[in-house]
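Respectively, the protein sequence lines represent chains W and C.
Each residue of the first sequence is one higher than the last, beginning at 1 in our numbering.
Each residue of the second sequence is one higher than the last, beginning at 1 in our numbering.
In short, the hints are calculated from the structure, not lab data.
Keep in mind the model is a prediction, meaning the values are calculated, not measured.
Just so you know, not all the hints are guaranteed correct.
[What the hints assert, rightly or not] The list that follows gives simulated cross-link-like pairs (lysine to any residue, SDA-like), each with its CA atoms no further than 25 Å apart: (1) Lys205(C) / His173(W); (2) Lys205(C) / Gln61(W); (3) Lys303(C) / Leu200(W); (4) Lys48(C) / Leu20(W); (5) Lys76(W) / Gln61(W); (6) Lys48(C) / Lys62(C).
[Unchecked claim] Some residues of chain C that are not near chain W, with every Cβ distance over 10 Å (derived): (7) Asn33; (8) Asp36; (9) Thr140; (10) Lys408; (11) Met414; (12) Ala418; (13) Ala448.
Cβ atoms here follow ideal geometry from the backbone N, Cα and C, with glycine treated the same way.
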Amino acid sequence: MNEQTEGRRGFEVSSIWIPLRISLLFMVLCGIIYPLVSTGAAQLLFPEQANGSLVKDRSGQIVGSELIGQNFTDPKWFQGRVSSIENNAAGSGSNNYGPSNPDLTERTRAAIEAWKLQNPDVPVSQLPLALVTNSGSGLDPHITPQSAMVQIARISKLTGEPAAQLEALVIKHIEGRDLGLFGDERVNVLKLNLALSALLGE
Amino acid sequence: MDILQMLVVVFLLVLLVKPLGTYVYHVFSNEANRLDKVFGSSERLIFKIIGLKRREGMGWKKYVLSFVATNFILAAISYLILRLQHALPLNPNGTGSMEPTLTFNTVISFITNTNLQHYSGESALSYFSQMAVIMMMMFTSAATGFSVAMAFVRGITSKGQTIGNFFEDFVKAHTRIFLPLSFVITLVLVALQVPQTLDPTLTVKTLEGAMQQIAIGPVASLESIKHLGTNGGGFFGVNSAHPFENPNPLTNVIQILSMWALPASLPYAFGLFAKNKKQGWVIFTAMMCLFIVFLSFAYTSEKTGNPALSALGIDASQGSMEGKEVRFGIAQSALFTTVTAAATTGTVNNMHDTLTPIGGLVPLAEMMLNVVFGGKGVGLINMLMYAILAVFICGLMVGRTPEFLGRKIEPREMKLIAVAILVHPFIILVPTAIAFMTDLGQGAITNAGFHGISQVLYEYTSSAANNGSGFEGLGDNTPFWNISTGLVMLLGRYISMIAMLAVAGSLMSKRHVPETLGTFRTGNGLFTALLIGTVLLIGALTFLPVIVLGPVAEYLTLG
Numbered sequence: 001m002n003e004q005t006e007g008r009r010g011f012e013v014s015s016i017w018i019p020l021r022i023s024l025l026f027m028v029l030c031g032i033i034y035p036l037v038s039t040g041a042a043q044l045l046f047p048e049q050a051n052g053s054l055v056k057d058r059s060g061q062i063v064g065s066e067l068i069g070q071n072f073t074d075p076k077w078f079q080g081r082v083s084s085i086e087n088n089a090a091g092s093g094s095n096n097y098g099p100s101n102p103d104l105t106e107r108t109r110a111a112i113e114a115w116k117l118q119n120p121d122v123p124v125s126q127l128p129l130a131l132v133t134n135s136g137s138g139l140d141p142h143i144t145p146q147s148a149m150v151q152i153a154r155i156s157k158l159t160g161e162p163a164a165q166l167e168a169l170v171i172k173h174i175e176g177r178d179l180g181l182f183g184d185e186r187v188n189v190l191k192l193n194l195a196l197s198a199l200l201g202e
Numbered sequence: 001m002d003i004l005q006m007l008v009v010v011f012l013l014v015l016l017v018k019p020l021g022t023y024v025y026h027v028f029s030n031e032a033n034r035l036d037k038v039f040g041s042s043e044r045l046i047f048k049i050i051g052l053k054r055r056e057g058m059g060w061k062k063y064v065l066s067f068v069a070t071n072f073i074l075a076a077i078s079y080l081i082l083r084l085q086h087a088l089p090l091n092p093n094g095t096g097s098m099e100p101t102l103t104f105n106t107v108i109s110f111i112t113n114t115n116l117q118h119y120s121g122e123s124a125l126s127y128f129s130q131m132a133v134i135m136m137m138m139f140t141s142a143a144t145g146f147s148v149a150m151a152f153v154r155g156i157t158s159k160g161q162t163i164g165n166f167f168e169d170f171v172k173a174h175t176r177i178f179l180p181l182s183f184v185i186t187l188v189l190v191a192l193q194v195p196q197t198l199d200p201t202l203t204v205k206t207l208e209g210a211m212q213q214i215a216i217g218p219v220a221s222l223e224s225i226k227h228l229g230t231n232g233g234g235f236f237g238v239n240s241a242h243p244f245e246n247p248n249p250l251t252n253v254i255q256i257l258s259m260w261a262l263p264a265s266l267p268y269a270f271g272l273f274a275k276n277k278k279q280g281w282v283i284f285t286a287m288m289c290l291f292i293v294f295l296s297f298a299y300t301s302e303k304t305g306n307p308a309l310s311a312l313g314i315d316a317s318q319g320s321m322e323g324k325e326v327r328f329g330i331a332q333s334a335l336f337t338t339v340t341a342a343a344t345t346g347t348v349n350n351m352h353d354t355l356t357p358i359g360g361l362v363p364l365a366e367m368m369l370n371v372v373f374g375g376k377g378v379g380l381i382n383m384l385m386y387a388i389l390a391v392f393i394c395g396l397m398v399g400r401t402p403e404f405l406g407r408k409i410e411p412r413e414m415k416l417i418a419v420a421i422l423v424h425p426f427i428i429l430v431p432t433a434i435a436f437m438t439d440l441g442q443g444a445i446t447n448a449g450f451h452g453i454s455q456v457l458y459e460y461t462s463s464a465a466n467n468g469s470g471f472e473g474l475g476d477n478t479p480f481w482n483i484s485t486g487l488v489m490l491l492g493r494y495i496s497m498i499a500m501l502a503v504a505g506s507l508m509s510k511r512h513v514p515e516t517l518g519t520f521r522t523g524n525g526l527f528t529a530l531l532i533g534t535v536l537l538i539g540a541l542t543f544l545p546v547i548v549l550g551p552v553a554e555y556l557t558l559g
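Next up, chain W with everything else stripped away, as it sits in the complex (with noise of 0.2 Å):
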């Protein structure tokens, strides 16, 4: 009898205390070894890209990250994607509209009727529809190159520059296909508006 309370209070007590201490154990373990020590060797081992893939400009000054869209209101730049929260990398996020809501396809023509006010030159059936809808992050940094090579006309017309080079320097800054293989191939805005900006001398 006695040894049989005994056995229960045994169990009892280890039914507590051994939950209690495996938690505190593992949130150490999980929630603040792991991710300090993956911290340390990841600084260690890749300090460029652990700390957000900076770019710097001709001058050394950092103007951003590579992999977070910006917004070029100057139509003499190469432009990003609809951004419904204008590249503000504080936050990120999209409309979430629906297929069928109405406010995505007016959404969509307004862009649309903005992308005709400024680029007149460009039948808009050119004109990919990746480029006037909004990405899923906000943060797009890339377009597809169909969508820059129909800026060409107009960055032409507004900085001088003859199509053909603009075209060689958009041809030269398509990324291919990951591996040959995965994704789809791709311009960084902000890669080739620096490069833009360096042939214009500025």
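With chain W fixed as given, assemble chain C onto it according to the hints.
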């Protein structure tokens, strides 16, 4: 090229199944093996610290008690940390305390491996919370799921009274699987440009001279366990669509494989436990067939695009790019969506709210079935549950005794399985109906019409399936949504787990019946087909009406 790159990823996955499945088997078989040399000493130290003297086997009730107690304590401490994060260290951006119902939701969301996020990581969590709460629960909830799945498998494949020791399983899942794998993948991701730093939000002067703020942090270490543990909660609000979380197609493929490989290798590990590899492959094949069908629907629908936008006279040949990233394109987006819903990870690399109606139906349907690979262990448990159901139905139809792996299936097991199967639609459909009937629920809908129905349905399906992705337009950070989805996540996780461990406990104590001519064979192609049929039949009977009201109606009216 699109189809080729998707097939290559599927092929890589298939290559991983056997080695990973074998590895998992050796971790949990508890037979002495070479791994003990590598991990044995650190594990013994851990056992000593937690006071686990003897690692004796547990009956199913004690196993349940142990994992529930551990999960409860983890959740309670996490709740305190989130509420007090403003006063805790590692808070360079000065993030404030989290609101109570949101904290309730967040804690349940992560301890149940759901990772539904009603907050945005950039603004609502300090780095300490991201680490000590979010990353920590990503490990522990995955390890809990894995342990329970292994206990279930032991139960239905062995004889005796015990299904293993929870604490031993839990420790080994960490030391031999999640911690080492996460560390390696973290470093690979950093090499491929995912940030990992404790510096606060950056401010830079852009090329045009404007100031831009860029949120950053220890992203890579969260990314790796987020996928390996099929958790899915992002560091940033938009999850793996964010260029810092998922900077290029290569990281995308790595993330897909890290969330998919472990769940996909579990059927093989099950085959090893059952000493019947064929049975493992039958389960795997059934899952893969369903997966391929879902993937084809998602890809075709997204590639075809949104007719409302195609009608605007521009070049829409690329497909539906709203809510998607250029670097991934349609193929890597559709593949990611199909995998995240299959593995119940819930990470997203494109916004599911913006998917075309049929494209959005794919993750919804996968979560409703909840058997296509599934999260850490839960998918395997569910598929085995359907396998037992299929055996039962077919056995009755052809007049053979329903047996599975040499055990008779009797009323007690069927009752428990019926409970586990019915809970899922119940906790999806009832709250969905309640949300539509109340202003509190309706107020969150941001896309009018049929799409609004899908938004609400998706939220509860995702909670019940412990997936955690969302039709993110839904304005869901309100007490109504925080509490209702919190309860759904709790029920979705623990009821089926407990019911299935009870089934395991009951099957294990049965006498082994030798296979005879009268036994219904479960290791062949016919049974694979029957299994798929059972899954689809039950799924269709339960969910077709509500699917017709949401995605199907939207598809038909979109023109």
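Structure-based check of each hint:
no. : hint                  : result
1   : Lys205(C) / His173(W) : 23 Å, holds
2   : Lys205(C) / Gln61(W)  : 9 Å, holds
3   : Lys303(C) / Leu200(W) : 39 Å, violated
4   : Lys48(C) / Leu20(W)   : 14 Å, holds
5   : Lys76(W) / Gln61(W)   : 21 Å, holds
6   : Lys48(C) / Lys62(C)   : 21 Å, holds
7   : Asn33                 : 23 Å, holds
8   : Asp36                 : 20 Å, holds
9   : Thr140                : 6 Å, violated
10  : Lys408                : 32 Å, holds
11  : Met414                : 31 Å, holds
12  : Ala418                : 30 Å, holds
13  : Ala448                : 7 Å, violated
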